[in-house]
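A.B. asks: The task is simple: from the sequences and hints, build the whole structure.
Protein sequence lines, in the order shown, are assigned to chains Y, D, Z and G.
Last residue of the first sequence: number 1378 in the numbering used here, and the count goes up by one each step with no gaps.
Last residue of the second sequence: number 465 in the numbering used here, and the count goes up by one each step with no gaps.
Last residue of the third sequence: number 441 in the numbering used here, and the count goes up by one each step with no gaps.
Last residue of the fourth sequence: number 429 in the numbering used here, and the count goes up by one each step with no gaps.
It should be emphasised that the hints constitute simulated quantities derived from the structure, not laboratory data.
Glycine included, C-beta positions come from ideal geometry on N, C-alpha and C.
Just to be clear, a hint being listed does not mean it is correct.
Stated by the list, open to error - The calculated EDC-like cross-link candidates involving lysine to aspartate or glutamate, where the alpha carbons are at most 20 Å apart (straight line), are:
1. D/K336 / Z/D275
2. Y/K1260 / Y/E1188
3. Y/K1173 / Y/E1149
4. D/K356 / Z/D275
5. D/K309 / Z/E280
6. Y/K1336 / Y/E1149
7. Y/K1148 / Y/E1261
8. D/K352 / Z/D265
9. Y/K1200 / G/D296
10. Y/K1352 / Y/E1188
11. Z/K231 / G/E81
12. Y/K1148 / Y/E1356
13. D/K256 / D/E285
14. Y/K1194 / G/E81
15. G/K413 / Y/E1356
16. Y/K1336 / Y/D1325
17. D/K336 / Z/E280
Unchecked claim - Derived CB-CB ranges, DEER-like:
18. D/D147 / Z/D235: 35 to 43 Å
19. D/G209 / G/Y124: 19 to 27 Å
20. Z/G200 / D/A151: 45 to 53 Å
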Amino acid sequence: MKSILKVKNLTMNFGGLRALHNLNISINKKEIAALIGPNGAGKTTFFNCITGIYKPSNGDILISPKGNNEKINGLKPNIITKKGLARTFQNIRLFTSMTALENIMVGCHCVTKAGVIGAILNNKSTKAEERLIIEKSYFILKELGLEIYVNELVTSLPYGAQKRLEIARALATEPFLLLLDEPAAGLNPQETNELDELILKIREQNDISILLIEHDMKLVMSLSDNIHVVDYGKKIGEGTPKEIRNNPAVIKAYLGEEVV
Amino acid sequence: MKKTGKLFSFITFLFALFFLYGISFAIDAKTDTIKLGVAGAHSGDLASYGIPTIHAAKLVIDKINAKGGILGKKVELLVEDDVCKPEVAGNTATKLISDGASVVVGHICSGATKAALGFYKEAGVIAMSPSATNPDLTLSGNYPNFFRTIAHDAVQAQLQVQFAIENLNVKKVAVLHDKGDYGKGAAVLAKKYFIQKGVEVVLFEGVTPGAVDYSAIVTKVRHKNPDLVVWGGYHPEASKIVTLMRKKRIKTFFMGADGIKDNSFIKVTGKYAEGVYATGPRDVSKNSLNILAKKEHQKAYGSDPGTFFYAGYAATLALLNGIEKAGSTNYDAIVKALRTEYVETPLGKIRFDKNGDATGIGFSVYKVENNVFLEQKIKK
Amino acid sequence: MDFDFLTYLFFGGLTRGSIYALIALGYTMVYGIVELINFAHGEIYMIGAFTGLIISSVLTMLGLPILAIVVLSALTAIIYSCAYGYTMEKIAYKPLRDSNAPRLSALISAIGMSLFLQNYVLLAQTSDFLPFPNFIPDFEFWEPYAHILTSPELVILITTVIVMICLTILIKFTKIGKAMRATSQDKVMAVLMGVNINRVISITFIVGSATAAIGGILIACHIGQINFYMGFTAGIKAFVAAVLGGIGSIPGAVLGSFVLGLTESFFAGYFSSDYEDVFAFLFLVLILIFRPSGILGRAETKKV
Amino acid sequence: MTIKNQIKKSFLVSLWFMFLTFPILVIQVNTVENVIKWRWLNMIGVGIGSFFLSILWRYMLEKRPEKGKQTKKYQLFFLNNILHEKKIFFPVIILLSLFVLCFPYIFSMYQTNIMISALIYVMMGLGLNIVIGLAGLLDLGYVAFFAVGAYSYALLNYHYGLIFWIALPLGGILALIFGVILGYPVLRLRGDYLAIVTLGFGEIIRLVLENWNDFSFGPSGISNIPKPCFLGIDLSLQGTTKYLFYIIVGMVALTIFVTNRLQNSRIGRAWIALKDDEIACQAMGINKGKTKLRAFGLGAMWAGMGGVIFAAKTTFINPASFTIWESVIILCTVVLGGMGSITGVVLGALLLILLPEYLRAFSEFRMIIFGAVLVLMMVFRPGGIIKNVRRIYKFDPILEKNSVKNEVNS
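C.D. replies: The following block contains the structure:
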């Protein structure tokens, strides 16, 4: 299979602290991959490095949505999003003064182009584009089962809906790789099951790859094609759910020394 | 969205219609009384400069109305506040104009006066300021409707220069100012005249009012070692600088203009004020009308008159006299009367020259000796 | 001659720096703990000076000996400044903290407070400059040096050093100092460790206000007169100094104040005092653009 | 809390405030004249006042809705509800515009003049609203761009005899250029640092105007700035006042039109997103710097045009008109009206500028009230008088996604 994201020897230092240490990860097209590891292992730091929020100290991040390897480390977050990497956040970061639909409309920003003049004149192309944005946003909203909240302010949405809305917003940027940071955290078992189906559905309908950070092992094991395990910023294992389940290093990291 | 567009074009159309109608609109002011406006700072931090003029105008008008008014009409007083801000002064002026004032005593500050004069000029209203000393107001020729009962800063600066050269025999001067309208204007004039007379200006700088410390500028004065420091600005900053100079044992002469010729300067500065020179309006306290006006004020308000009271008194008298001599409130007639007819005021017998400056009003140099300003004579 | 000029400017800058430092300390302490630019801090300093003036006039009227007047009015001024600082925090900042308002709201509230306090003093007292009694006489032993540094300037310099030492002791070695440091690093953790945050914040405001009051009285003695607007200009400059040194850091505030004071003094001396303030603000802008954490401040990493 | 407790608490508060205000409010000294006035009445006033105010304060604090728990019903403010109703909205707008059109004929020239001043503030408030209300950038140096506009008209007219109608767009563009030049390096700074830097810039511009005599004529300012001319006809004072009134009304209408278009556009959404959460905003592919710069520049442009009109109205300008407090007043109009809400800002500006003008007795208290307004609004109603209500999109449930309609919006 073709890999669409290749991370080579990624290292991230904060002062004296080495949060990531020579990490190598590769993600294939249409794959659902999971990044797991104990708390503080550097999973979110890894996300922040690939999405441009942090500038990696060392190493390369390459993307190849169309087979051309392109280096993206050091680029600004918005450029990376434009190139097709979208993410959600561990602690929900929705735009609180906007409605659900508008949140998704913001997500359409990078695939549209109306400027100030266009907005003021409201000419034909701007109108058409605006219409397109609304239709598309509503479509995504429906796809994620959020259409009842269209005009609700996001602060009044239930927690689970807010989490899904974040995914919807990320989808609106038309990514080829979706990065989900703990999508199931705080959800009840039923919502988690729905999430499971939703993620599979998103992959099928949008034809994209998904990389998720998750602590819910049941979800991870049932969803993932491939799992990467990190601890103390180092990769300690990689493989299918079955392989990971039997990987002694992983078990050691999760359960501690004595159990092995 | 389409509807909004139509709405906008409709509104635009209405605008155009109303506007065309509006151009050909004229005023008709009622004239059963003669209306005299008083404008200036009546509130805010400069109120103490503006309120005495209201008192003066009231006293004069009460006296004249008691005698039956002028031209058979009573005089009515219109008081408007401009807080000494140019942007407010425009509103004040239009208020007075739309209330039908034919002459205005004011404004107090030069900046506000400049802003207001444009309005008065167009409306054909005469303004006479008791306190705006910016030379441009009269000398530029832009404001034929402006008069004043105070001499302008250029007169003062020339006097300062003359005194400094004749009496103090200075060769090098430092000119400091507070970066304000009044202060910097005065400083620029002083510098100009000093250079004309061949005196070296070793330092010309502004200080920030309200700064925590003036030692840098004082140090610079010491370094340049001038014979005299000339100050353009008001007394609070002057007092800070003099105090610091004396505390730092710098004994250079210090001279200011009417901005520091104020008793609070002596009170605030205390012993360090001794020997400071200041120019100010010529002492007219022995004039009989002056004594009378002072008595009237004490009777009516129970205190001694404040700053610009006499100038305000004189301005009111001059304006009303002008109207009386002109025989009407016609703009040209009043202007002509003001320029030709002498009038007795607390400042002496005055008339106005073609620029609008009062003749016969002058300045003297004062020196602080034993906590009072003493008038000095210029050596010839 | 030129060396003399340099010396004079140096000492002038030093005095100016210590004046800034006394105000900047309050800014930096409050910012360190609540990450709020307490815009109204300059006003506390002004209120300190006014209270000192009022109390001393009353006491003079009562005919107390000069030393008693100085001590009593200075003490009252400090107490009142602290009370104002405390009340201000309770009214304008605490409700915002409780409702988790954005930081911008707190800044707007602070600007409002500053405007309010300025006009409160303007309306209740006067807009004129009032002469401030000379608390610090010309010391006789200092007479030979008075042309370089006047007695009040000397007192200001010494007091700044003392205040700084006291503050350092307070923060490094006392229990409340420890609580302050904990709060500034992580508020949530501090609460979990049993620190009463509201108390810590109140105390920070009180200590900051006390230093401002000391500054207010000293500067009033130095300048010789006060008015309601004195806090604003001084406050802005002190803020520049605090940012320059690295806001949140106490040695930083002092260092920044001296750097600003000295550069201003030299700039005014060798170039022109016309553009002195322009220079100070440009300095601020450049510092914030190129080194937002200041001279001694720590660079922060954003958390996602 | 029981009533007894309430009273006890308020009593303590009033005691505290009586103590607090004792030296400054009760004793008035004048060290120039060496007199001391005792004003015990003030103390009683403070005591009684703070007693009741503290009860009110606590009541309001409790009533304050908690963040995140607001439901939509509470958020829709009465007025906004009305304005969103088409049947009411259009007649209201037409009546309002008729009233505005007739204004100079119904009221005196003075009233018209005051209205012009107020409308300049409305325009500036709306401009600042783009910067603060939409993009969330606290700009304390807004008045600098106002000064740029005013001085560009004054100076260009003085040196080159440029007329108002050319200066108006030119002043706007110059201010925009200034905004972009100044904004470029500083916009990456965090919220409160940005506020301070813009404050610094505002002061720098004022100080330069004050000191650079050869360029700006220094503190004595520029006088005799001509008023706008109409097709070369020299109008009377009444005529120009009316003319200026219609110009500013037109400009305000244009500003409202533009900000309304902008706030519901792609750019507008990016601004609001930026205000809500910078990091998430960037993660949506929005260029942070460019978006901020747009808001900053556009805001500056309105200020510049406001400045040109201001110069034409007062006919005299000097640096003293452009102090930081002017920025604070404009900020106050935006905060009071409701950040982000156009109706709110218009109302806020009219209220704050007209009330002190008509209530002359209170004009002394203008600034202290402004200060109190800023604090109280932040504590009790951070959203302002009229909260910004987001646009409602209507979708026809039967016809499904192909027939998306959106409602006409104010």
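A.B. asks: Look at the Cβ atoms of D/G209 and G/Y124 and judge whether their distance stays inside 19 to 27 Å.
C.D. replies: 22 Å, holds
A.B. asks: Verify the proposed pairing of Y/K1194 with G/E81, using a straight-line Cα cut of 20 Å.
C.D. replies: Cα-Cα ~44 Å, so violated.
A.B. asks: Are D/K352 and Z/D265 close enough, with their CA atoms no more than 20 Å apart?
C.D. replies: 13 Å, holds
A.B. asks: Holds or violated: are the alpha carbons of Y/K1336 and Y/E1149 at most 20 Å from each other?
C.D. replies: 18 Å, holds
A.B. asks: Please work out if Z/K231 and G/E81 have their alpha carbons no farther apart than 20 Å.
C.D. replies: Distance ~14 Å between Z/K231 and G/E81 Cα, so the pair holds.
A.B. asks: So if I understand the rule, the pair passes when the alpha-carbon distance is 20 Å or less; does Y/K1148 with Y/E1356 pass?
C.D. replies: It holds: about 18 Å lies between the C-alpha atoms, which stays within 20 Å.
A.B. asks: Regarding the pair D/K356 and Z/D275, is the alpha-carbon distance no greater than 20 Å?
C.D. replies: Holds. D/K356 to Z/D275 sits at ~14 Å (cutoff 20 Å).
A.B. asks: For the pair supplied as a hint, Y/K1173 and Y/E1149, confirm whether the alpha-carbon distance does not exceed 20 Å.
C.D. replies: It is violated: about 26 Å lies between the C-alpha atoms, which goes past 20 Å.
A.B. asks: Straight-line Cα separation of Y/K1352 and Y/E1188 no greater than 20 Å?
C.D. replies: 24 Å, violated
A.B. asks: Between D/K256 and D/E285, is the straight-line Cα distance small enough, at 20 Å or below?
C.D. replies: Given pair D/K256, D/E285 holds - Cα atoms ~6 Å apart, limit 20 Å.
A.B. asks: With a cut-off of 20 Å on the C-alpha distance, tell me whether Y/K1200 and G/D296 pass.
C.D. replies: 18 Å, holds
A.B. asks: Would you check the hint for Y/K1336 and Y/D1325, treating anything up to 20 Å between C-alpha atoms as holding?
C.D. replies: 24 Å, violated
Violated hints for the displayed structure, listed by number in ascending order: 2, 3, 5, 10, 14, 15, 16 and 18.
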